[in-house]
Each structure stands twice: as C-alpha cells, then as structure tokens.
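Under the working numbering, the sequence shown has 160 at position 156, and the numbering climbs by one with no breaks.
Accuracy of the hints is not assured; some may be wrong.
Simulated restraints, written as ranges between beta carbons of each label pair [as the list claims (entries may be wrong)]: (1) T38 <-> A150: 52 to 58 Å; (2) D124 <-> H41: 35 to 41 Å; (3) T60 <-> Y26: 18 to 24 Å; (4) G57 <-> N155: 49 to 55 Å.
None of these hints come from the bench; they were simulated from the model.
Note that beta-carbon positions come from the ideal geometry of N, C-alpha and C, so glycine has one too.
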Amino acid sequence: VTLEFDSTHLSYDSWTAPATGYSIAPIVTGNQFTFAHTKIGNSVGDTGDLDLGKITFKTNGVGNAVVRLKSVKLVDSNLESTVQTPDTQVTATISVVHTITATAGNNGAISPSGSVPVNDGADQTFTITPDNGYMVDSFKVDGTDATVSNNTYRFINVKSNHEIAVMFKAVQTGNPGNSN
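Full structure from sequences and hints, please.
Structure below.
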C-alpha cells in the first residue's frame, strides 16, 4: 500500500499494525508512506473493509492537508499480483484553536462559560449578567483587573489561551452611614 501525504502540513509520526496478520514496518521517503500486510499460513483472504493499520501524523501548520491512497498491490496465493490505483484522497482542515476559560462567582453568570474554544485570530465576546440585586464586584482577564463595558468583554484577534473571571456583590441600598 502506498500513501502520499501533504508534507507542508503533515509529518509522519507513527504507525500501528492491525491485530491480525503480519505487517512489514512502513518505509517513509519524503511524502510517501509504503507498507505491506499479509495473512499468515494457508488461510482465506479477507474481503470488504479492512483495518490495515493506524497512521499518526504531526501537524506542521494550519490549512488543508491531503492524504492520498496512490496504489495497492494485491497478491494472491499463487503469488500473482495486480496493482490498483484508486487515487482516493482525504482532506483534513488543520487549525489552531485556543481556549478561553470563563468563570463566574455566585449571584450572576458569564456567557459563554467554561472552556470556550476560539480559532486562532478570531474574536470572542463574553456577556456578564448579574442576578437581580447584584452587580459586578471584580472582573479579571488573565489575572489582571479589567473593565466591563455594557455588560460585555471582547477578546480581539485571539492568539493564545486566556482566562476571564467575574465576581458579584449585592447592590447597596439606602445610606449605610445613616443609622436613623
């Protein structure tokens, strides 16, 4: 079996052989990956969808990466062979995703909350909503005090992971210094 992969976006990492049969370790040359697999002994060959192994790639960059099945050499029990060239391919989109961890204390909410995935370079807006009778007590972005404007905070051109946290306190009513 010969595969061709987009070496601009992918590099070969590892290969795991299937559970049954005998496999020869892959030969990787440039962007070509070749391996062989066979049954052991005098047994009938398999038909249909087959698991011939698992290939793992490392990503080299963002974009669309193509892995193409170039050829399959089939050998029968008489050692006669035919070569199939299906030229089938799979395209995977590789992107960088950052995480913004958003938390809110009691008596209010932040939305979205929890671990929020954000594509590299994208913007992400958070809405802060205190419960009735409460207001923002503290608001921090990456551990530093920050300002909320119109109950929202917006990250622009996200290039790394971030944390955003808001705490709430009760709204003071009346004049706390007046005991009458």
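Against the structure, the hints come out as follows:
{"no.": "1", "hint": "T38 <-> A150: 52 to 58 Å", "verdict": "holds, 55 Å"}
{"no.": "2", "hint": "D124 <-> H41: 35 to 41 Å", "verdict": "holds, 38 Å"}
{"no.": "3", "hint": "T60 <-> Y26: 18 to 24 Å", "verdict": "holds, 21 Å"}
{"no.": "4", "hint": "G57 <-> N155: 49 to 55 Å", "verdict": "holds, 53 Å"}
Of the numbered hints stated above, none is contradicted by the structure.
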